[in-house]
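Asker: Since the structure of chain U is provided, determine the placement of chain H on it from the hints.
In case you want the letters, here they are:
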Amino acid sequence: MRKSGQWKVVAASVAGAAHTKSGKGNEDAALCASLPDGTLILVAADGAGSAMCAAEGSSLCVQGALEVLQSHPLPSSPEGWETFLLELSWRVRSGLEEVALETDQTLKGFASTLLLAVVTKTHIAALQIGDGAIVIKTDSSLQRLTQPFRGDYASETIFLTSADFLEHASCKVVATSKVTAVALLTDGLEPVALNLAKDEPFAPFFEPLFSFAAKTDDAYTHGPELANFLNSERIQERTQDDKTLIVTVK
Amino acid sequence: MNELELVKLAENPDPRAPCLLLLDTSASMSGEPIKALNEGLAAFYNDVMKDDLAKRRVEVAIVTFGRGGVSDAQDFVTVDEWTPPNLAAGGSTPLGQALENGLSLLKKRKETYKSAGLQYYRPWVFLITDGEPTDAWEEAAKAMKDEDANKGLLFFAVGVESANMTKLSDIASADRPPLKLKGLQFAELFLWLSQSQQRVSHSKVGDQLALPAIGWAEVST
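Heads up: the sequence lines are chains U and H, in that order. Note that the working numbering has the first sequence beginning at 1, numbered continuously upward. Note that the working numbering has the second sequence beginning at 1, numbered continuously upward.
Chain U extracted, bound-state conformation:
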């Protein structure tokens, strides 16, 4: 996709070695789009490993989120955004329910996490349901924008299809003027992108990525480079899960 307004975007999503070994494809999904007014939409989703239709579930999540954003007037206040994003999650979930009914599957079969960031001229509005991370860079720091679901055990997460998803949905809105870069990643990249003990973004992972994105004129040229990076040996030996990374810089 072309750069939107001032923002440059690069994205890649690759199947993990563990998935390829067991014959599954990439069960992550990613989508970047811009609206006619220049609003940038970044979505990533990670289908649950055990869900029968995991790949479809994550794909429906990103498509569903885009459709809601394309067909409704967007809020202009932070409060408006929080309401909007929670309603969006409901609508996307209903979409999954419909497909489950039509195809005679359980809703659980489409279980997926959801990571969404909408960048307008004034606000960056983000929604997170499940694991993975939405990270922003401001003048003073690199930090998570939204919070992941954290259970007692390693890799415990919830999905959009979970009964209590609303309780654990994390919404955050910040002024676009304060932010110079945004990154979305699914949990396949957590072991290399975050300091897990402190649950903080690992700056030496993100800074070169932001520099890389800044040099991007056209995401179609550089998306594959990012994909090769995600498939590189040094990443694969650390994590065998599907990996999705969306990076945008002003």
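Please keep in mind that the hints were generated in silico from the structure rather than gathered at the bench. For clarity, every value in this text was computed on a predicted model and none was experimentally measured. Glycine included, C-beta positions come from ideal geometry on N, C-alpha and C.
Pair by pair, the computed Cβ-Cβ distance ranges are:
no., chain 1, residue 1, chain 2, residue 2, range
1, U, 151, H, 107, 14 to 20 Å
2, H, 213, U, 36, 51 to 57 Å
3, U, 79, H, 112, 40 to 46 Å
4, H, 11, U, 151, 20 to 26 Å
5, H, 143, U, 224, 51 to 57 Å
6, U, 101, H, 143, 42 to 48 Å
7, U, 164, H, 149, 16 to 22 Å
8, U, 225, H, 143, 51 to 57 Å
9, H, 35, U, 147, 50 to 56 Å
10, U, 233, H, 92, 52 to 58 Å
Computed cross-link-like contacts, DSS-like style, restricted to lysine-lysine with a CA-CA straight-line distance of at most 30 Å:
no., chain 1, residue 1, chain 2, residue 2
11, H, 55, H, 182
12, U, 198, H, 151
13, U, 24, H, 50
14, H, 114, U, 172
15, U, 108, H, 151
16, H, 8, U, 21
17, H, 108, H, 50
18, U, 198, H, 55
19, H, 55, U, 21
20, H, 110, H, 50
21, H, 50, U, 21
22, U, 198, H, 110
23, H, 180, H, 167
24, H, 145, U, 108
25, H, 107, H, 142
26, H, 108, H, 142
27, U, 198, U, 172
28, H, 114, U, 198
29, H, 108, U, 198
30, H, 151, H, 107
31, H, 8, U, 178
32, H, 8, U, 172
33, U, 215, H, 8
34, H, 107, U, 198
35, H, 114, H, 50
36, H, 8, U, 250
37, H, 8, U, 24
38, H, 108, H, 167
39, H, 55, H, 107
Answerer: Quick look at chain H alone, frame taken from chain U:
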């Protein structure tokens, strides 16, 4: 210059998959049974070692009950640092005490994980007996089952040869009735356990874990 080559990867310790084995080494296990059990443990070790991720993540602890009373034979250790033991049989069956020791080892381990900032998967506890308890076991069994019900661990009970399966049903969780080992197929049981632990160590919890089919137990009718 390619910026992507400059990306540094965070170093994070591996999450742990604790696996506690409570093993009957009473007199009735002498001879073929204890030999098969030892071979099973070696098979478990060899199989987990084939998986680079699992061998760093799966942690084994062993409590034996029988010869010498109850012994904390092995405190939690990652499989890649573990040497499978050569257990000897003899003595009675203080199963109740073994359950208590096991719970205590597990509790301490979780505290160690927390203070070291280590993540861990839901621990598995595997009780294997060929008889029935010769000590007081009711309270310890209740404590084990309560922990299971609270999702603090996953408790499996396996009876071997002349095990009292009725008593074992009282010891095990109602949701997870005891299984009877086919003959002395310890190797098959431990290979299954290894495959299961490998899946756990690669898994996402909150995500139903699909376990390999159990070929080593008799199917109850």
